[in-house]
Structures are given as C-alpha cells and as structure tokens.
Amino acid sequence: MKLTPTVVLLATYNGEKYLVDFLESLCRQSEKNFKVIVRDDGSTDNTLHILESYQDKLQIEIMESVKRLGPAFSFLELLKCCGDQFDFYFFADQDDYWHASKIERAIDKLASCKNGVGLYCSRLEYVDQNLAHINYSRIPEEISFENALVENIATGCTVAINGAARRLIIDNPPMQLIMHDWWFYIVVVAFGKVIYDPFPSIKYRQHGNNTIGAATNIVQDFKRRLRRFIRSDGGIFGIAKQAIELKRCFSSAFEKKQLRLVNSIIDGKDCIPKRVSLAFFSKFVRQRWFDTFILRVLFLTGRF
1 MKLTPTVVLL ATYNGEKYLV DFLESLCRQS EKNFKVIVRD DGSTDNTLHI LESYQDKLQI
61 EIMESVKRLG PAFSFLELLK CCGDQFDFYF FADQDDYWHA SKIERAIDKL ASCKNGVGLY
121 CSRLEYVDQN LAHINYSRIP EEISFENALV ENIATGCTVA INGAARRLII DNPPMQLIMH
181 DWWFYIVVVA FGKVIYDPFP SIKYRQHGNN TIGAATNIVQ DFKRRLRRFI RSDGGIFGIA
241 KQAIELKRCF SSAFEKKQLR LVNSIIDGKD CIPKRVSLAF FSKFVRQRWF DTFILRVLFL
301 TGRF
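Heads up: the sequence shown at position 135 corresponds to 135 in this note's numbering, and the numbers run straight through without jumps.
Bear in mind the hints are in silico, worked out from the structure with no lab data behind them. Everything numeric in this text was worked out from a predicted model, so none of it was measured. Beta carbons: idealized from backbone N, C-alpha and C, even for Gly. Be careful, since some hints might not be right.
[What the hints assert, rightly or not] Only pairs whose alpha carbons sit at most 30 Å apart, straight line, appear in this in silico DSS-like list of lysine-lysine:
#: 1; residue 1: K35; residue 2: K17
#: 2; residue 1: K17; residue 2: K32
#: 3; residue 1: K17; residue 2: K114
#: 4; residue 1: K17; residue 2: K67
#: 5; residue 1: K257; residue 2: K247
#: 6; residue 1: K109; residue 2: K67
#: 7; residue 1: K257; residue 2: K193
#: 8; residue 1: K67; residue 2: K35
#: 9; residue 1: K256; residue 2: K269
#: 10; residue 1: K256; residue 2: K193
#: 11; residue 1: K241; residue 2: K257
#: 12; residue 1: K241; residue 2: K256
#: 13; residue 1: K114; residue 2: K35
#: 14; residue 1: K274; residue 2: K241
#: 15; residue 1: K57; residue 2: K109
#: 16; residue 1: K283; residue 2: K247
#: 17; residue 1: K67; residue 2: K114
#: 18; residue 1: K35; residue 2: K283
#: 19; residue 1: K269; residue 2: K247
#: 20; residue 1: K57; residue 2: K32
#: 21; residue 1: K247; residue 2: K67
#: 22; residue 1: K114; residue 2: K80
#: 23; residue 1: K193; residue 2: K247
#: 24; residue 1: K283; residue 2: K257
#: 25; residue 1: K80; residue 2: K32
#: 26; residue 1: K269; residue 2: K283
#: 27; residue 1: K32; residue 2: K193
#: 28; residue 1: K32; residue 2: K109
#: 29; residue 1: K274; residue 2: K80
#: 30; residue 1: K80; residue 2: K57
#: 31; residue 1: K283; residue 2: K241
#: 32; residue 1: K67; residue 2: K57
#: 33; residue 1: K80; residue 2: K193
[As the list claims (entries may be wrong)] Derived CB-CB ranges, DEER-like:
#: 34; residue 1: C271; residue 2: Q176; range: 15 to 23 Å
#: 35; residue 1: K32; residue 2: V297; range: 25 to 33 Å
#: 36; residue 1: R260; residue 2: M175; range: 51 to 59 Å
#: 37; residue 1: D128; residue 2: D171; range: 34 to 42 Å
#: 38; residue 1: K283; residue 2: T44; range: 21 to 29 Å
#: 39; residue 1: E24; residue 2: N172; range: 30 to 38 Å
#: 40; residue 1: W289; residue 2: A100; range: 35 to 43 Å
Please work from the sequences and hints to get the whole structure.
Now the structure itself:
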C-alpha cells in the first residue's frame, strides 16, 4: 500500500458558491488518508482563495493551469499529471456534497478488482441548492458494452478508478470527448469491471448550471428527457464521434463482437440502409423504454 494511496481530482471554475460545502464534506470523510489535487480552469471569483484556506485541513495541491480546457479535458489533464503513485483515483465536482463513507466504500469495493481494470460508481441523491432531499437516481438494470456505447450510467462525481484503469485511459488518450466520465465508463466496461453501488454516495445539487437534473413527477421527467434528446450540443448526438474515437484508440484491443458494435454505429452515420438496421434490428438499448424509443428515432434520422 502506498503512503497516500488515494487522490481526489477536482476541476474547478468559478465555484465559490458551493465549494466550501464540498470541502467540508471531504473533511468529514471516514477515510482520512487521501490527497486532493485541483486544476482550476481560470476562475475569476474566490475559488482559489477558498482552496488555499483549506490547505491546513486537507492535503490540497493546486496545479498550475496555462489555458482553459473545459471540464472533460481538465479531468483528463488531472489524471495524467497526478502520476501513478496512487492506488485509487476519485473525480469530484465543486458543487456536490459527499457522504462521509464515500471514499471508504469505493476503496473497499474496488479492492475486489485486485490487479484488474476497475471503476466504481454509485447512485445519486438529488438535492436542492440547500442540500434538501428531492429524489434518488434510478438504479440501472444492466451494465453492458451495448448499453455503454449509447448511454452513460457513471456520473463523474461518483466515479473512482484503480491504477490499472488509469494506465489504460492515459495510454490511449482521446482527441475529442462528450464527457470524461462516459469515456472512462465505456473503456472499463470493455476491458475491466464496473462496480455500481446502489447506495447514494453523494448529494447531487440541482441548480441552474446542472446539465442532468432530477424530475419530481412523470410529466417533468418526460419533458426533461425530451429536451435533452433534442439538444444538438452533445450527449446522444455525439455517440458516432465517440465511437470513432474508441476505434482509433482501441481497435486492436477490442474483441471481435465489440469492434462490430463500434463499427455498426460508425457505418450507420452516413449510410441509410445501415441506419435502418440500427433503428429496427440492433441490440442497442438505453435504461428506459422512452430513451430507447428516441434513440431508435435518432438512429433512423442520422442524428447521433
């Protein structure tokens, strides 16, 4: 076991409003032996001052950042630059609140992977801006490569990976990303073990800057999902580009079945007969029937 076996990787940007709450949740962790490495993406508020004020309570190292990278590539940069001296790598958002047992639970569960590639993720507790309970995220019914190619169930702020997963990800860097957590999830589903914890390890704040959100009734849920699907700035509309990146990085490592699935998405993007096949005969499914229905419509229309 390494001297400090665990690192929490935190990407910040103008996070002063909720950052103290998050850092306090780190101070309350049952597992105390961890380091925090922060990459700030050019904050103009008091984010850096707040981080510095906690350096006497937590092992916080603030990386020097030269240019804006956005959240996805900020986390990749953190993962690369933090080095291989840790056993476990956690990813954190500046506006969440971690359950006191989060780090300890994830380490215990990742230990089952031994020397293999492993990723831990968990359920979410949705809360309002004041951390009051709203709802819980759904527990996924299935974890499979077919599902991972079209849906991410590993929300980044719940994710932890082991050293073997870090090496695999760092040695095969993507040039474009939808989001870092989805990329990590697909890679580990393909080549290792994903551990989903039904215990909600974090309070996931709902506010204007969030992109996932939680609905409190069926009508709100339907509207939210429909809005997410008809957006054209990422998400489901990026799965063909993501498949191209997967093939570029891992074509020689994929099993034949995995490579066929990746190719079917790539080939279907610009070929109408193959799009029809994707829409009506493929095994790609998402966790909810409505999402699967919309996915097939998008396959048919080429908007993926």
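Verification of the supplied hints:
For the hint pairing K35 with K17, the CA-to-CA distance comes to about 23 Å; that is within 30 Å, so the pair holds. About 25 Å separates the Cα atoms of K17 and K32, which keeps this hinted pair within 30 Å; it holds. Distance check on the hinted pair: K17 and K114 sit about 39 Å apart at the alpha-carbon level, beyond 30 Å; violated. Using a Cα cut-off of 30 Å, the hinted pair K17 and K67 holds, with the two alpha carbons roughly 23 Å apart.
The straight-line distance between the Cα atoms of K257 and K247 is roughly 13 Å, inside the 30 Å bound, and the hint therefore holds. Our distance criterion of 30 Å between C-alpha atoms is broken by K109 and K67, whose separation comes to about 36 Å. At roughly 18 Å between alpha-carbon atoms, K257 and K193 fall within 30 Å of each other, so this suggested pair holds. This hinted pair checks out: K67 and K35 have alpha carbons roughly 24 Å apart, not beyond 30 Å.
Proximity of K256 to K269 is assessed by CA-CA distance (about 20 Å); at most 30 Å being required, the pair is judged to hold. In summary, the hint linking K256 to K193 is supported, as the alpha carbons are separated by about 19 Å, within the 30 Å threshold. For the hint pairing K241 with K257, the CA-to-CA distance comes to about 19 Å; that is within 30 Å, so the pair holds. As the CA atoms of K241 and K256 are separated by approximately 20 Å, the hinted pair is consistent with the 30 Å bound.
Between K114 and K35 the CA atoms are separated by roughly 22 Å; this keeps the pair inside 30 Å, and the hint holds. Proposed proximity of K274 and K241 is supported: the alpha carbons are some 17 Å apart, at most 30 Å. Proposed proximity of K57 and K109 is supported: the alpha carbons are some 27 Å apart, at most 30 Å. Pair hint K283 plus K247 holds up; C-alpha atoms about 19 Å apart against a cutoff of 30 Å.
Of the pairs offered as hints, the one joining K67 and K114 is violated, with about 37 Å between alpha carbons and a cut-off of 30 Å exceeded. Between K35 and K283 the alpha-carbon distance is near 42 Å, which puts this suggested pair outside the 30 Å criterion. Using a Cα cut-off of 30 Å, the hinted pair K269 and K247 holds, with the two alpha carbons roughly 15 Å apart. A hinted pair counts as satisfied when its Cα atoms are at most 30 Å apart, and K57 with K32 qualifies at roughly 11 Å.
Taking the CA atoms of K247 and K67, the gap is about 28 Å. The hint holds against a cut of 30 Å. Distance hint between K114 and K80 is fulfilled; the C-alpha atoms sit about 22 Å from each other, no more than 30 Å. Restraint check: the Cα-Cα separation between K193 and K247 comes to about 20 Å, which is no more than 30 Å; the hinted pair holds. Distance check on the hinted pair: K283 and K257 sit about 12 Å apart at the alpha-carbon level, within 30 Å; holds.
For the hint pairing K80 with K32, the CA-to-CA distance comes to about 24 Å; that is within 30 Å, so the pair holds. At roughly 16 Å between alpha-carbon atoms, K269 and K283 fall within 30 Å of each other, so this suggested pair holds. Of the pairs offered as hints, the one joining K32 and K193 holds, with about 26 Å between alpha carbons and a cut-off of 30 Å not exceeded. Restraint check for K32 and K109: the C-alpha separation of about 17 Å stays at or below 30 Å, so the hint holds.
The suggested pairing of K274 with K80 is violated, with an alpha-carbon distance near 38 Å, which exceeds 30 Å. With a CA separation close to 25 Å, the supplied pair K80 and K57 stays within the 30 Å bound. A hinted pair counts as satisfied when its Cα atoms are at most 30 Å apart, and K283 with K241 qualifies at roughly 19 Å. Of the supplied pair hints, the one linking K67 and K57 holds, its CA atoms being roughly 28 Å apart against a limit of 30 Å.
For the given pair, K80 sits about 21 Å from K193 by alpha-carbon distance, which is consistent with the 30 Å threshold. Separated by about 22 Å at the C-beta atoms, C271 and Q176 satisfy the suggested range of 15 to 23 Å. A hinted range of 25 to 33 Å is violated for the C-beta pair K32 and V297, which are about 50 Å apart. For R260 and M175, the hinted distance range of 51 to 59 Å is not satisfied, since their beta carbons lie about 23 Å from each other.
Checked against the hint of 34 to 42 Å, the C-beta distance between D128 and D171 comes to roughly 41 Å, which is consistent with it. In this structure the hint that K283 and T44 lie 21 to 29 Å apart at CB is violated, the actual value being about 47 Å. Remark: the range hint 30 to 38 Å for E24 to N172 is upheld by a beta-carbon distance near 36 Å. In this structure, W289 and A100 meet the distance hint of 35 to 43 Å, their C-beta atoms being roughly 36 Å apart.
The structure fails to meet hints 3, 6, 17, 18, 29, 35, 36, 38 from the earlier list, while all remaining hints are met.
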